[in-house]
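Participant: Chain order of the listed sequences is X and S.
As numbered in our numbering, residues 1 to 384 make up the first sequence, in order.
As numbered in our numbering, residues 1 to 384 make up the second sequence, in order.
Source of the hints: derived by calculation from the structure; they are not laboratory data.
The structure displayed is predicted, hence computed values, not measured ones.
Idealized CB from N, CA, C, for every residue including glycine.
Keep in mind that the hints are not guaranteed to be accurate.
Pairs of lysine to any residue residues, derived as SDA-like cross-links and limited to a Cα-Cα distance of at most 25 Å, are as follows [claimed, not checked]:
(1) S:K45 <-> S:H12
(2) S:K45 <-> X:E382
(3) S:K45 <-> X:R333
(4) X:K45 <-> S:C384
(5) X:K45 <-> S:L380
A few chain X residues that don't get close to chain S, going by computed Cβ distances all over 10 Å [as the list claims (entries may be wrong)]:
(6) L13
(7) T76
(8) G90
(9) R161
(10) S194
(11) V224
(12) Q372
Number of protein chains: 2
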Amino acid sequence: MRPPANPLPGHHLVDAAIAWIDAAAYHLDIEDTPLLTARGRVLAKDIHAVRPIPTGDRAALDGFAVQASASLGASTYNPVQLPLIAVAAGDALPAGTDAVIPLELAEPDERACIEVVEAAAAGDNVEQQGAVATIGATLVPTGTQLAARHIGLLTIARLSRVTVFRRPRVQILLAKPAKADACEDSDGPMIRASVERDGGVVEQCVAVERGLTAIRAALVEAGVDIVLVLGGIGPGIDDHSAAALAEAGELAIYGVALRPGETTGLGRTVGGVPVVLLPGAPAACLWSYELFAGRAIRRVGGGGPELPCRSREIITARKIVSAIGMTEICPVRCGAGDTVEPVPSFAETGLMATVGADGFVIVPEGSEGRPQGAGVTVYLYEGC
Amino acid sequence: MRPPANPLPGHHLVDAAIAWIDAAAYHLDIEDTPLLTARGRVLAKDIHAVRPIPTGDRAALDGFAVQASASLGASTYNPVQLPLIAVAAGDALPAGTDAVIPLELAEPDERACIEVVEAAAAGDNVEQQGAVATIGATLVPTGTQLAARHIGLLTIARLSRVTVFRRPRVQILLAKPAKADACEDSDGPMIRASVERDGGVVEQCVAVERGLTAIRAALVEAGVDIVLVLGGIGPGIDDHSAAALAEAGELAIYGVALRPGETTGLGRTVGGVPVVLLPGAPAACLWSYELFAGRAIRRVGGGGPELPCRSREIITARKIVSAIGMTEICPVRCGAGDTVEPVPSFAETGLMATVGADGFVIVPEGSEGRPQGAGVTVYLYEGC
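Model the full structure from these sequences, guided by the hints.
Facilitator: What follows is the structure, given as C-alpha cells:
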C-alpha cells in the first residue's frame with residue numbers, strides 16, 4: 001500500500017474539472033489605469049458620454065461657413081457674394097453660420113468674399129452637436145477588451161483614465177526534478193508566455209525542491225490570485241505536489257480524463273487561492289494550462305474563459321482516432337478543399353505535434369473519434 | 001490658382017497605394033533576443049535541432065526500467081523477479097535496460113526487486129532517441145510568430161536565444177491643429193495603440209506646429225523605420241503636411257479613393273524612410289492606418305501584411321450601400337441566422353461606428369455595394 005501522503009490520480013471528467021475552476025475563479029478587483037496604456041485591458045464599467053460628441057455643431061468637411069439664408073436664390077446666372085469664413089473639417093461652426101459650402105464649390109476673391117452659385121440649406125455639411133453621441137450614451141460597454149478604436153473614441157470623449165479589471169497575479173512553482181536532464185525544464189518559459197498571452201502577470205516563477213515539505217511550504221505564500229505548480233504530480237515515487245497541496249490546503253480534483261494532461265490537479269491553498277497542478281511532461285503541461293489554469297486566469301481577468309483560439313467547423317479528410325473514456329486533444333493539419341486531417345499525436349511527438357499542426361480538435365470522452373467526412377470543430381492556431 | 005506648395009489630393013486607387021507601400025516597406029534587420037521574452041516576435045531563421053529530441057532513449061511513463069529479455073516467459077503462473085529500477089516519465093533509460101514496465105503492472109518488494117507477470121518487449125514504453133526530432137529536423141520555420149508552444153519546444157531543444165526580425169521603429173508626428181478643440185487630439189493614443197498591436201515600437205510621438213516649415217523640419221529627423229504624420233492634410237488652407245513632405249523628400253501618392261481616408265498621402269523622406277500622411281479626422285485616420293501605415297509596419301516587422309482581423313464569408317441580411325468609385329469601409333453587425341447588416345457609417349458617427357459594429361466589409365471602388373442575400377467577406381473585430 002502507498003502511504004496516504006501520496007494520493008493516486010483519479011479520473012474526473014473534464015467538464016467537472018472545468019466547473020470546479022469556474023466556481024473557484026471569481027472576478028477580480030478593478031483598478032484605474034491610464035487610457036494611453038490600456039490596450040488589451042478589459043473594461044470593468046460601462047463608459048457613458050458626459051458631454052455630447054461633438055460638443056457643438058462643427059464643419060463636416062473643409063470649406064466655407066455661411067448663413068444658409070443669405071445664399072437664397074444663388075445660381076450660375078445669379079452668383080451671390082458672402083463673407084469668406086474658411087473652416088476645416090472638425091472646426092466649430094463660427095457664430096452666425098449654419099452651413100458649410102465645400103471648398104471646391106466656392107471661389108474666394110481678393111475682397112475677403114466668396115462667390116456662391118448654389119443655395120445652401122441650414123445644416124448642409126454640418127455635423128450637429130451630439131450626432132456621434134448624446135450625453136449619457138454608452139460609448140464602450142463593460143467587458144470590452146480595449147483596442148485602438150476604443151482608445152480613439154474615449155480620447156475624443158476626453159477620458160484620460162479608465163476602470164479595468166486588475167490583471168491576475170500568478171505564481172509559478174517549478175517542482176524541480178531530481179535529475180537535471182528531465183524535460184520539465186521547458187515548462188517554465190512556456191507557461192510564463194501563456195500567462196502573459198492570457199493577460200496575467202507572473203509575480204514569481206521559482207524552482208522548488210521536489211519534496212513534500214518544500215512544496216507544502218511554498219504553497220502557503222500569498223499575495224497572488226492563482227498558483228500554478230509545474231511537475232511533481234502523477235503516480236511516480238518522486239511526485240509530491242498532490243500530497244503537498246492536500247496538506248497545505250485542499251486537493252479538490254486530482255486526475256482528469258484528459259489526454260494529454262491526465263494527472264492535472266485542482267485545489268486551493270489554506271487562504272483560498274486556487275491552485276492548479278500541471279503535469280511536467282511538456283505537452284501535458286500545455287494542455288492542462290489551456291483547459292484549466294488559463295481558463296482561471298482568463299476568468300479572473302474579466303475576459304472570456306474560452307480558449308483564445310478561433311474555432312470553425314471543418315470536414316475531416318481522414319478518420320480522427322481517440323481513446324474512449326478520455327477527452328483527447330488531437331492535432332490536425334488543414335488540407336485541400338477546406339478539410340482537416342490528423343497529424344502525429346502529442347503522445348508520439350510531444351510539443352512537436354503543435355508545430356506541425358494548424359490547430360486541434362477536442363474529442364470528448366464519450367467518443368472514439370470522428371469518421372472521415374464528419375464535421376468537427378477545429379481550433380485554429382493562427383494568431384493564437 | 002493655389003500655390004504649388006500646397007498640392008491638391010488626387011484619386012489614386014487603393015490597390016495602387018498598397019502596391020506602393022509594399023514596394024517601399026522592405027524586410028528589416030534581424031536581431032537576437034532571449035527566448036524567454038520572445039513571445040509574439042517573428043522568427044527570422046529556421047530553427048533546426050542540433051541534437052536529437054530526446055537526446056537518448058527515455059521512459060515514456062512512470063514505472064520500472066527492465067531488460068526485456070530477462071522478463072521472457074513471465075506470466076501470472078510464472079512471475080519473474082527483476083531488479084527494482086524506478087524511473088519517472090522523461091528519465092533517461094538506465095544502462096542495461098531497454099523497456100519500462102508501468103508502475104501499476106509490477107509490485108516492488110522489500111528486497112529491492114519487482115515481480116513481473118507479463119513479458120516485456122524491448123522498446124516497450126520507451127521514447128526512442130530522436131523520436132520527437134532527429135538532428136537537423138526543422139523545429140520551427142522562419143516567419144513563425146512565436147507562441148507559448150514554440151517557446152516550450154525551443155526550450156526543450158536547449159535554445160536560450162532566437163533570431164527574430166527587429167521591431168519596426170515608428171515616429172509619430174502630430175500636425176497640431178491651430179484650434180485646441182479640434183478632433184485630431186484623439187489620433188495620437190489611437191495610432192500608438194495600433195502600432196503596438198502590429199509589433200512596432202513608437203520611438204517618438206510629438207506634436208509639430210501645423211506650418212509648412214515646422215512639418216518639413218520634423219520630416220528630416222532620422223533613426224526610425226517609418227514616419228506617420230497625423231493631420232494637416234487635405235484641401236484646407238491650414239493643411240501643409242503634403243506640401244512639407246513634397247519639399248522634404250518625395251510625395252509619391254496623395255489622395256486615395258478610400259472612404260474614410262481619402263486624403264491619405266504616401267512618400268519618403270530624403271533619406272528614403274517611408275512616410276504615411278494620415279487624415280486628422282479620427283475614423284479616416286484609423287482606416288488610413290489600417291490599410292497603409294499598419295501594412296507597412298506589419299511588413300517590415302516580418303509578419304504578414306494583411307489586416308490582423310480574421311475574415312469570413314457571411315450573407316447580408318440587408319443591402320450594403322457604397323459609393324461607386326471609392327473603396328468604402330462599411331461597418332456591419334452580425335444578426336440572426338449567421339447574417340450581417342450595415343450599421344450607421346463612419347461618415348455618420350465617426351469612431352462610434354466601430355464600437356457598435358462586430359466587423360466591417362471592404363466594398364471595392366467598382367461596386368455600388370452588396371445586395372441583400374449576397375455573400376460578403378466580413379472582417380471581424382473580435383480579438384482584433
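Participant: For the pair supplied as a hint, K45 (chain S) and H12 (chain S), confirm whether the alpha-carbon distance does not exceed 25 Å.
Facilitator: Violated, because 37 Å separates the two Cα atoms, which is more than 25 Å.
Participant: Please check whether the beta-carbon of L13 (chain X) is more than 10 Å away from every beta-carbon in chain S.
Facilitator: Since the minimum Cβ distance to chain S is about 21 Å, L13 (chain X) lies beyond 10 Å and the statement holds.
Participant: Would the pair K45 (chain X) and C384 (chain S) pass a check requiring their Cα atoms to be no farther apart than 25 Å?
Facilitator: 21 Å, holds
Participant: Is the claim that T76 (chain X) lies outside the interface with chain S correct, judged by CB distances over 10 Å?
Facilitator: The assertion about T76 (chain X) holds, with a minimum of 21 Å to chain S.
Participant: Going straight from one Cα to the other, do K45 (chain X) and L380 (chain S) come out at no more than 25 Å?
Facilitator: Given pair K45 (chain X), L380 (chain S) holds - Cα atoms ~23 Å apart, limit 25 Å.
Participant: Given the proposed pairing of K45 (chain S) with R333 (chain X), does the C-alpha separation stay at or below 25 Å?
Facilitator: It holds: about 23 Å lies between the C-alpha atoms, which stays within 25 Å.
Participant: Should the label of Q372 (chain X) as a non-interface residue stand, given a Cβ cut-off of 10 Å to chain S?
Facilitator: 25 Å, holds
Participant: Minimum C-beta separation from R161 (chain X) to chain S exceeding 10 Å: can you confirm that?
Facilitator: 12 Å, holds
Participant: Evaluate the condition: distance from the CB of S194 (chain X) to the nearest CB of chain S exceeds 10 Å.
Facilitator: 4 Å, violated
Participant: Holds or violated: K45 (chain S) with E382 (chain X), Cα cutoff 25 Å?
Facilitator: Distance of about 19 Å is within 25 Å: holds.
Participant: Confirm or reject the statement that V224 (chain X) sits farther than 10 Å, beta carbon to beta carbon, from all of chain S.
Facilitator: 20 Å, holds
Participant: Over 10 Å to the closest beta carbon of chain S is the bar; see if G90 (chain X) clears it.
Facilitator: Per Cβ check, G90 (chain X) is inside 10 Å of chain S; nearest 4 Å; violated.
Of the numbered hints stated above, those contradicted by the structure are hints 1, 8, 10, listed in ascending order.
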